Structure formats: structure tokens, C-alpha cells
Amino acid sequence: MNRYQIGGVNYQIDPAYDTPEYRSSAQRAPTQPLVVAPSRLVEVSFPVFEESKVLPRDADLCHQFPQEPIGERIRVTGRLLGSDGRPLVGQLIEIWQANAAGRYRHAVDDHPAPLDPNFSGAGRVLTGPDGGFQFLTIKPGAYPWRNHPNAWRPAHIHFSIFGRLFTERLVTQMFFPNDPLLEYDPIFNAVRERRARERLIARFDWDTTEEGYALGYRFDIVMGGHLGSPLVAS
Amino acid sequence: MLPTPSQTVGPFFSFGLAWMVPQEPVDTGFVVEGVVVDKNADPVGDALVEALWVANGQAAFARSLCEPTGRYHLRITASGNEVASPILVSVFARGLLQRLVTAMYLTDIGDELLCSLDPLRRQTLIAKPTPTGYAFDVILSGESETVFLAW
Ligand SMILES: [Fe+2]
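Quick mapping for you: the protein sequence lines, in order, are chains A and B. If you count the first sequence from 1, you need to add 1430 to reach my numbering. If you count the second sequence from 1, you need to add 54 to reach my numbering.
Isolated chain A (complex conformation):
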């Protein structure tokens, strides 16, 4: 488990592998304590990403097909920062999400909600000189899952970020403010520290809300686990 220290206070940032409320963790969570690796072994830089592999249109999930997807158009804007607050430039961010009806374009998703022929739900972007990124997409729907009776995931967008070093690699989820399902979601609530949990909730933002076109949400991402950060394993 990674913990984070600010002013001598320990914050448990990441959720525990073994989280009984999240049922499938029981078969997959390790049972042995993690072994602390010598730092030179894991502090390996990721290769520089080939920028030509990501095109500006990859960040626009509303215009990947001849027609537009159905749903509430949103602009998700954020900055990717190191835990020292410095912007991380030229970093690859990948996202994937359900459509407005809460259905994924995935063979295993059997939620009886319609697929949208004009929505893939997948996007990617490279962060700019100020660590900034922006996606245009539609707001994903909530969807049911089998974790417990009448279980519903709150609306969310999945994010994958590499970081500079192997230790920074992060896969996370972005949630929406004031979603009544958040309170009941075992995945979101597996993050025990309230302040860390709040990092996962985007903020509604007038500045990026475009009149007559799209609602704006801000989602800043802060990477932990880099060289010299006060992360300690336990």
C-alpha cells in the first residue's frame, strides 16, 4: 500500500487490494505482503512516447463517426501534475467509458441498454506544455453490475496515465459531482481517505462550459510515486 505524508500526517491514498465490499477482489488480491523493491529496480523511465501516434481528433469522442453520439455533451479539461505541483508535459492519457445509456462497446457487457453506433467510448490525448489536456465526449450513464443486490456504478470515465517513471503509472476513474450513487460504490469508497477520494470527482466548471454546446468539467490529476516523493510502502 502506498501512503503519502504531508506535514507528518499519513494519508492512505490507494485502495487496499483486499477490499471485501468489492467482491471480485477476494479471488484476485494477493495474500502475501508486498516485497519492497530496491528503488533502482523500479525507478525506470518510460520510453518517450511517439507523438505522431496520437492525433488531435483522438481527444474528440463526439466526432469519430459520421453522426454524433446521443447524450449530454461534455468537455473534460484538466492538468496532469507531479505531486510537487509541476506540470507533466507530453504525457499520454487514455480514456474509455460507457455511452449515455451506460453500455460499453465490449463483447462481455450484457447490460440491456442500447449501443450507440456513433460512439466508441475510447479516446486519448497528449498533455500540453502546461500539463493540460481536454476531451470532448458525452456524459456516461450509470450501469448495473453484479457486486451486490441492486448494485449500480456511478457514472465514470476510466483514465490511464503513464507518468515519467514506472512507479508513477496510474489507472483511475473520474466521477461526477453530486452523484447519489457515489455513496454506495465499493470501488470509489475503497479509497478510505476522504481527501484522496475527492481527487476522483471532477468539478463542474463555468469557464470551460461552452454556451449552447457543452458542459465543462475540470479534472486535475496528480501523480504520486515518483522519485524522491515521500511515499513509503507498508
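Example chain A residues on the side facing chain B (calculated, C-beta under 10 Å, incomplete): (1) 1445; (2) 1457; (3) 1551; (4) 1652.
Which residues of chain A face chain B? A partial, calculated answer using Cβ under 7 Å: (5) 1443; (6) 1444; (7) 1461; (8) 1465; (9) 1474; (10) 1475; (11) 1477; (12) 1513; (13) 1524; (14) 1535; (15) 1539; (16) 1617; (17) 1620; (18) 1621; (19) 1625; (20) 1651.
No wet-lab data here; the hints were simulated from the structure. Please read these numbers as outputs of a predicted model, since none were measured by experiment. Every residue gets a Cβ at the ideal spot worked out from N, C-alpha and C, and that includes glycine.
Since the structure of chain A is already known, use the hints to place chain B with the ligand on it.
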């Protein structure tokens, strides 16, 4: 600043993450393949496996999406002699709220990490040679669980 916490990759990532998996066969280097299994030795058919290695001072990266049989397949684009041990491996899956990280050694070089492990657990980090490269199974949980790393 407080870092953003990890969340599970979930079961439905393939359509978002498969684009980085090479579509055409690559001839250079060697293959690392194996299965990811859970506590009951059942295959984990929805895991994401990534490798980061250094060869001739250059970092390189590969990604694989497990088949329903739990099998993954990574092309390491360098020769076994050129690759510095260990290759770093991340496993993401539904049920894992954070990735699991392990280290794959092509040979038992008896370094600081390996020497700190008891002999049985140490074996979980050593890949086995195959005609096309190496085999490396990842056992997420249970008696013969793979050694996973923190820092
Ligand atoms: Fe999801």
C-alpha cells in the same frame, strides 16, 4: 499535493487500450508468454499485462490483453542478452483496485531482491526458457502466489 488514487481497470478496457498492442507480428527479439491465474487457479481472462524493460540503455514498453484463457503474449524487441534483468511487469484487472507489480528475471542473477526471498517464492520471479522466448505465469493470489513489489 495529494496524489490521485488508483481505481480498478474494470472488465471493459479492451476497446480503449488495445490500440497499443502491435497488430502485425514482429520478428525482432523474443516472446514472453504465460497465463494470469487467480486464487483458485482459474484463468484471469480480463487482465491487462504490461512490460517495461531496458535494452542497451534504452527503455521499451509492451502491452498485452489477456485472452479468455488468461494467456498473455509480449514481444520483447531485443535479444535476451541485451535486456537488463529484471523486466518490470504490471498486471491490471477487474478485482484489483491497484495494479500488481512484479519483476521477471530471464536468469537467476542472485541480486539484492532475489536474495532477499525464500527459495520457493524466489522461483516465481524466474522465467523459463521456451523455443520462442520465455514463459512467465503470474499467480495473483494463494499458496504459490507470485512475489509482488512495493516501493
Ligand atoms: Fe466502468
